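Residue-level listing of the chains:
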Amino acid sequence: MEITDLDRKIIQATQAGLPLTRHPYRTIAAQLGVSAERVMQRMTAMLEAGVIRRIGAVPNHYRLGYHYNGMTVWDVEDVQVNGMGERIGKLSFVSHCYQRPRHLPEWPYNLFAMVHGRTEAEVAVQIQQIASLLGEHSRGHEVLYSSRILKKTGLRIEK
Amino acid sequence: MDDMDRRIINRLQQGFPVCDSPYEQAARELGLSGEELIERIGGLLTAGVLSRFGPLYHAERMGGALMLVALQVPEQRFSEVAGIVNAFPEVAHNYRRNHRFNMWFVLATEQCSRIPEVIDSIEKDTGLKVYRMPKIEEYYVGLKLEA
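The listed protein sequences correspond, in order, to chains E and P.
All residue numbers for the first sequence refer to the working numbering, where the first residue is 1 and numbers rise by one.
All residue numbers for the second sequence refer to the working numbering, where the first residue is 1 and numbers rise by one.
The hints are simulated quantities; they were obtained by calculation from the structure and are not laboratory data.
This structure is a prediction, so every number in the text was calculated from the model and none was measured.
Every residue, glycine too, gets a C-beta built ideally from N, C-alpha and C.
Errors might be hidden in some of the hints.
Here are the computed distance ranges between Cβ atoms for each label pair [what the hints assert, rightly or not]:
{"no.": "1", "chain 1": "E", "residue 1": "Asp5", "chain 2": "P", "residue 2": "Pro89", "range": "17 to 25 Å"}
{"no.": "2", "chain 1": "P", "residue 1": "Arg77", "chain 2": "E", "residue 2": "Gln41", "range": "44 to 52 Å"}
{"no.": "3", "chain 1": "P", "residue 1": "Glu75", "chain 2": "E", "residue 2": "Asp5", "range": "40 to 48 Å"}
{"no.": "4", "chain 1": "P", "residue 1": "Glu36", "chain 2": "E", "residue 2": "Gln80", "range": "46 to 54 Å"}
In silico DSS-like cross-links for lysine-lysine, where the CA-CA straight-line distance does not exceed 27 Å [as the list claims (entries may be wrong)]:
{"no.": "5", "chain 1": "E", "residue 1": "Lys152", "chain 2": "P", "residue 2": "Lys129"}
{"no.": "6", "chain 1": "E", "residue 1": "Lys152", "chain 2": "P", "residue 2": "Lys144"}
{"no.": "7", "chain 1": "E", "residue 1": "Lys152", "chain 2": "E", "residue 2": "Lys90"}
{"no.": "8", "chain 1": "P", "residue 1": "Lys135", "chain 2": "P", "residue 2": "Lys124"}
{"no.": "9", "chain 1": "P", "residue 1": "Lys144", "chain 2": "E", "residue 2": "Lys151"}
{"no.": "10", "chain 1": "E", "residue 1": "Lys90", "chain 2": "P", "residue 2": "Lys144"}
{"no.": "11", "chain 1": "P", "residue 1": "Lys124", "chain 2": "E", "residue 2": "Lys152"}
{"no.": "12", "chain 1": "P", "residue 1": "Lys135", "chain 2": "E", "residue 2": "Lys90"}
{"no.": "13", "chain 1": "E", "residue 1": "Lys151", "chain 2": "E", "residue 2": "Lys9"}
{"no.": "14", "chain 1": "E", "residue 1": "Lys9", "chain 2": "E", "residue 2": "Lys152"}
{"no.": "15", "chain 1": "E", "residue 1": "Lys151", "chain 2": "P", "residue 2": "Lys124"}
{"no.": "16", "chain 1": "P", "residue 1": "Lys129", "chain 2": "E", "residue 2": "Lys151"}
{"no.": "17", "chain 1": "P", "residue 1": "Lys135", "chain 2": "E", "residue 2": "Lys152"}
{"no.": "18", "chain 1": "P", "residue 1": "Lys135", "chain 2": "E", "residue 2": "Lys151"}
Quick look at which bits of chain P chain E covers, simulated, 3 or more residues with Cβ under 8 Å [unchecked claim]:
{"no.": "19", "region": "2–14"}
{"no.": "20", "region": "35–43"}
{"no.": "21", "region": "89–98"}
{"no.": "22", "region": "134–142"}
Here chain P stands alone, though its shape is the one from the complex (with noise of 0.2 Å):
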């Protein structure tokens, strides 16, 4: 990663334009051309420094609904675990973390009534206990990492 690979995703956190060519609008602010970004922000998603590009969407305003829970994945189960939750299209994003409850995840469905469906199989196929995590306010919601 460069100096201009830092710099497009510092720009890119920040929007990107909706017009006919808009890799070339973005591309201009950086001093690239079209081109150049498009192969630039392909390059960056082959190596994982970017997990994704494009239209990040609000499930709740889209009609669907959002839920993130958490497991208590006994160690020695926790890859068998994890393999039966990724495996379901409504997860989202999954994360191991060093607690207690290790294995956190967010569900995001079309349907609010699929959230209860997944979790009930979740719970079944797991033998866990998948403790609910839903949002009750939402006081800001913006990430932005420096590159």
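In isolation and in its complexed conformation, chain E is listed as follows (with noise of 0.2 Å):
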């Protein structure tokens, strides 16, 4: 999908968040200038195309009491980790689910997946899980824990 000019200003302004008045699209309109109408059909248009992942709330995971967050890493054999990372992307726990680089001979993974616990007893049930079902293909791995937020604003887009 292409961009429009006014999809731009729409990112821009709301790219701290949507208003928090009655009613919000008329808020940005009224900003930008254009209809109400006009912003939703953008909106609307832009969350098929999948421009926009969807519109919500992102919870702060320590706030819900989420402390465990693991970033787990697998190193897979070349030819199984895309079969390996579909599946493991299907598990309820995992959030998210990549095929990275490796740099060898420091950093041997190329398979990411974020699991998320309130214990630690939760999380490593779940990374018990993801090895049984990597099984001899995984050759090693390792668990990264966030231990503090340093930043988190998400994308910002200049004017």
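Put the two chains together into one complex, using the hints given.
Shown next as structure tokens:
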């Protein structure tokens, strides 16, 4: 989908969040000098095209009690990585699953899966489930827990 | 945070309507008025329980670029380096992790060409090597945490 000038303006107007007003799309429209219908139409189009993944809330994991946010990283045989990535991505507790490049020798891992739990035991069970799925296709893994959010602002585009 | 806050958080991770009075519409399912919902969301944002409320954009589909990168920061330099890194507006989120690779952040830019420029600047300003961890394949993205 081609991003129009109006789309860019809508993105700029909403990147810090949706206005907390009774008619938020009218609020945005008034700022941009267009009709609310036009704003809603473009936002719907962007949702349908996947330019907007969703409109909604992003919770702070820690504040919801999810203190164990593990980035599990696995060294998976190249020929197996796509098939395994698809299967691991379907596990209910995995929020993101990607293939990424290795940086040998310091970083041998090519499959990343984020898991979230309220206790270490909960996450340990999740990791065990991924390990059993991978079986001998994984040559090693590590779990990197986030210990602090240093910044979380989301995408910012400039005017 | 009470039970209603939890229900709001769970509901609002599943999407939000595009219509003239969306808060009112979303509130109805929860048995609230639109005004009450607005007030609650504002409170959750102020308290930091929600880090954001609004549209989540897919950078690549906007014609922009995203890249995860990692640094191995000497412990005694950690806050100094975090300050340098976070000062770049292109750094969308940054996490400390318990590993030799102890700083992981996402660069989000409108133009793909900006990513290597930002990486060069960060390497120059910190004196540290930036390890690029771009996604080769995306198998799943869909964060939903039950409150």
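Hint check results:
no.	hint	result
1	Asp5(E) with Pro89(P): 17 to 25 Å	holds, 21 Å
2	Arg77(P) with Gln41(E): 44 to 52 Å	holds, 50 Å
3	Glu75(P) with Asp5(E): 40 to 48 Å	holds, 47 Å
4	Glu36(P) with Gln80(E): 46 to 54 Å	holds, 51 Å
5	Lys152(E) with Lys129(P)	holds, 22 Å
6	Lys152(E) with Lys144(P)	holds, 17 Å
7	Lys152(E) with Lys90(E)	holds, 26 Å
8	Lys135(P) with Lys124(P)	holds, 24 Å
9	Lys144(P) with Lys151(E)	holds, 20 Å
10	Lys90(E) with Lys144(P)	holds, 13 Å
11	Lys124(P) with Lys152(E)	holds, 23 Å
12	Lys135(P) with Lys90(E)	holds, 18 Å
13	Lys151(E) with Lys9(E)	holds, 24 Å
14	Lys9(E) with Lys152(E)	holds, 22 Å
15	Lys151(E) with Lys124(P)	holds, 21 Å
16	Lys129(P) with Lys151(E)	holds, 20 Å
17	Lys135(P) with Lys152(E)	holds, 20 Å
18	Lys135(P) with Lys151(E)	holds, 21 Å
19	2–14	holds (count 5)
20	35–43	holds (count 4)
21	89–98	holds (count 10)
22	134–142	holds (count 9)
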